[in-house]
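One-letter residues, chain by chain:
Protein chains: 2
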Amino acid sequence: MAQLTSRREDYSKWYNEIIIKANLAETSNVRGCMIIKPYGFAIWEKIQNILNKKFKNTGHDNIYFPLFIPKSLFSKEACHIDGFSQECAVVTHYRLKKKDNNIIIDPEAKLEEELIVRPTSETIIWHTYRRWIKSYRDLPILINQWANIIRWEMHTRLFLRTSECLWQEGHTAHTNKKEAVCEAKQMLNIYTNFIENYMAIPVIQGVKTAIERFAGAEETYCIEAIMQNGKALQIGTSHFLGQNFSKAFNVKFTNNKGYQEYVWGTSWGISTRLIGALIMIHSDDKGLVLPPKLAPIQTVIIPIFKNEEQLKRITKIVSNIKNILKENNISVFYDDRNIYTPGWKFNEYELKGVPIRINIGIKDLEKGMVEIVRRDNLNKQFVNYNYIGKIIPELLTIIQKNLFKKALERRNNFITKVDDYNEFKKILNEKGGFILAHWDGTSETEKKIKLDTKTTIRCIPLKKSKEKGKCIYSGKPSNQRVFFAKAY
Amino acid sequence: MAQLTSRREDYSKWYNEIIIKANLAETSNVRGCMIIKPYGFAIWEKIQNILNKKFKNTGHDNIYFPLFIPKSLFSKEACHIDGFSQECAVVTHYRLKKKDNNIIIDPEAKLEEELIVRPTSETIIWHTYRRWIKSYRDLPILINQWANIIRWEMHTRLFLRTSECLWQEGHTAHTNKKEAVCEAKQMLNIYTNFIENYMAIPVIQGVKTAIERFAGAEETYCIEAIMQNGKALQIGTSHFLGQNFSKAFNVKFTNNKGYQEYVWGTSWGISTRLIGALIMIHSDDKGLVLPPKLAPIQTVIIPIFKNEEQLKRITKIVSNIKNILKENNISVFYDDRNIYTPGWKFNEYELKGVPIRINIGIKDLEKGMVEIVRRDNLNKQFVNYNYIGKIIPELLTIIQKNLFKKALERRNNFITKVDDYNEFKKILNEKGGFILAHWDGTSETEKKIKLDTKTTIRCIPLKKSKEKGKCIYSGKPSNQRVFFAKAY
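Protein sequence lines, in the order shown, are assigned to chains A and B. Residue numbers for the first sequence, in my numbering: 22 to 509. Residue numbers for the second sequence, in my numbering: 22 to 509.
Any given hint could turn out to be false.
Pairs count within a copy or across copies, as identical chains cannot be separated in the list.
Stated by the list, open to error - Straight-line alpha carbon distances no greater than 30 Å define the calculated DSS-like cross-link-like pairs of lysine-lysine that follow:
1) LYS337 <-> LYS77
2) LYS401 <-> LYS447
3) LYS119 <-> LYS273
4) LYS307 <-> LYS343
5) LYS34 <-> LYS452
6) LYS155 <-> LYS307
7) LYS314 <-> LYS67
8) LYS131 <-> LYS97
9) LYS268 <-> LYS198
10) LYS74 <-> LYS314
Simulated from the structure, these hints should not be mistaken for laboratory data.
Between the sequences and the hints, there should be enough to build the whole structure, so can you do that?
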């Protein structure tokens, strides 16, 4: 098996190779659209199941809105259309026909109005809310959908940026601003909790600047993480929409005093991009490293044998071990295929990021022992197989915690406080990561820094340290530091 | 609350009213595309969860293929393109722009090759199989995806026939014909088991005639059911694709003797159409009737009270009842809203098809009694609330069985053996349902009968009664009866 390109050598190539070799996904024949393979999709299903429960526990129902949005609806909110018009796939016809042995579009089957393949569903949902919402009794509406969206991207990258992506989009409607802001923050916290406790990725919570805000939002709350190469990645957003969409779509409710008011809204989403973050944060030069809580296979058992009789003896013990692990809700795969050597299998499951490997050799077995190998640090230990039911669950918890701890240390090392613009540029080039610096709060300065350094303000942190200072670029006064970084 | 139109009065109107009033779904602004509302989507989620487990238990993995299929790929299998070309949504552009304050398609952003929004994914999947399959060791491939598809329908009907629909599509690849046929039949049996045991819908298993076969299949296995108005509905299909797609996409494998062979395939799917069948089969003039195994709410509790103090006393008992039901894995909703009367609520949950309603009045409570009302037959009984934990689970099982039994009786009454063509037409007009009649096996006769009576051969039954006879239309010899019906 060919070695993986190392991170140091070519980070981007390393990332792609892991995805291909660990069988997570691959590019398709359709520009920018990927095929998510069983192993990658199993991770997505775990993400969906966990988040779905959290959404439902906070009162959200799942629904489904159409894939297509008529162009006129899509264009109603001015900022929104400005933000998305550059990347819309447009359906113009509804039939093909044969002509001279070729298949062509039937020119007679032209749609009266073009349909946009949804890049996000605010417009069709707010148009529908107008029918659904009459009185304060109809509010709040708390809904979510798991769906595919299309954003026609020019530069695509598996999981991180694809023309089609799978995601969830929550859309809520409220009687007042306070409740809507509360909802947007609640969902940001649900994301944060999930990403830190399940994905083992430490994040920074913040709000976006006006330039980076979602097209149509009043405030975009976000979570940002830093990858091993020092580049930032936005991994979830929750938008307080204010009354922008209710005004654009004329959605009013009668309040409990009998007066008409515009409805307040939020929307929030995460996507298969999360899997890109998961790969980038934890993996190493041997391949994928998965946190136990999201690993499709948590434990793999590899028999080491010379003949059928030995395999039989091992398999007998393994069936006990499998039962014990299953009773503990730990997923286990026994790879007893004889077309591959144990060495090949060791590599394979390291590449696939399986958190724990149990090697069972015939000699160890006679002593009642099996070898346990951790994927996170590659440490090995021999244990008596009678204690498997106790050791493996504990070890999975330890691995989960260790991955978060390692990622947190790396993240913290990637945060640099800077007060000088030359230093700012030096750190960016030499080290990367987050730069925590003062900013004067203007879009003008933000744009100039971006033009000069390709760096964006990732977020204004929610955990505010009210520290006065001077803008790193303009020298104007500032009340708090913000996070700058180069980003995916 | 306005009464529902009765089935006798206008079956089609009755069906639509149930969907709207029970809050299952509604039409959207996009022609033929529906919005699935929380209550409707909750049923779809139950269907997904149950089937997903059955698919995984039989070795199938979930994956995700792109929404778009390049026109050239889509056109490769001749029958397939003939079957689907009439109903394809086509993406031709990838950008909008502003012009004179209007939003128009950017003519410069025309795609080099048009993209078809998938009506089904055989073509892109078989194109990909060519990369994935080299040797017999790569087979079988057993995959499934839950996805949205577009088939541009001219006459749409909520759930039954929509331009966009949610479905699952399984796609498998095998080394030999026997295994592929076996897979196609296995999936038909899984569908049948699910539809009979969970949806409580009795079905007839059969194969389609050449005319009704899936475009690109060698054999289409199907399950058909009869609705209360005597019309048939196809509710699931499983296709043996033979080598049609492997030949069209040149997918070969090296067999264990070192020779190249074409791969054998299957595909199989069910869709949100199932929910249409569910509504049509069991519901009555009071509204939806749901089988307990698929009901989002299995039990609703309605307090009957005059003042806050009474409500408090009821609520105290209810919290016990809720716990007991939850321990038995029975979903329960306590509707203690005081803006609606008990009478309004009775109607509401009858309309929504909740299998069991528990009415709790203050006087009965003093005697330790609550009233239980079954939705399937509207029977009422008073029971001691200490026995709730025993009675409700039993009753749900009884309701589930009773719904199947009622549907089976109705179905059997809708099967008429006919040996004379005039009788055939008479039965069709007066009674409808399945007509079990002899057919000479030719497409010519099938077409003539269709032209004459708008009736199609729903299937050639798998349970064969080798009965010789004469074709009802041509008088030519026949070896078995087939099922004719008017269909959705």
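Status of each hint after checking the structure:
For the homomeric pair LYS337 and LYS77, the shortest alpha-carbon distance between copies (25 Å) is at most 30 Å, but the shortest distance inside one copy (43 Å) is not. For the identical chains of this complex, LYS401 and LYS447 are neighbours neither inside a copy (41 Å) nor across copies (80 Å), given an alpha-carbon limit of 30 Å. Taking the shortest Cα distances, LYS119 and LYS273 sit within 30 Å of each other only across copies (29 Å), while inside one copy they are farther apart (50 Å). With identical chains, the CA atoms of LYS307 and LYS343 are at most 30 Å apart within one copy only, with a shortest distance of 26 Å there and 52 Å across copies.
Proximity of LYS34 and LYS452 under a CA criterion of 30 Å is satisfied intra-copy only: 20 Å inside one chain copy versus 68 Å between copies. Taking the closest pair of Cα atoms, LYS155 and LYS307 come within 30 Å of each other only across two copies (26 Å); inside a single copy the shortest separation is 58 Å, beyond that limit. When the C-alpha separation of LYS314 and LYS67 is checked against a cutoff of 30 Å, the pair qualifies both within a copy, at 8 Å, and between copies, at 24 Å. In the homo-oligomer, the alpha carbons of LYS131 and LYS97 lie at most 30 Å apart both inside one protomer (23 Å) and across protomers (24 Å), since each shortest distance falls under that limit.
In the homo-oligomer, the alpha carbons of LYS268 and LYS198 lie at most 30 Å apart inside one protomer (14 Å), although the nearest pairing across protomers, at 60 Å, exceeds that limit. In the homo-oligomer, the alpha carbons of LYS74 and LYS314 lie at most 30 Å apart both inside one protomer (15 Å) and across protomers (20 Å), since each shortest distance falls under that limit.
When the structure is compared with the earlier hints, a violation turns up for hint 2 alone.
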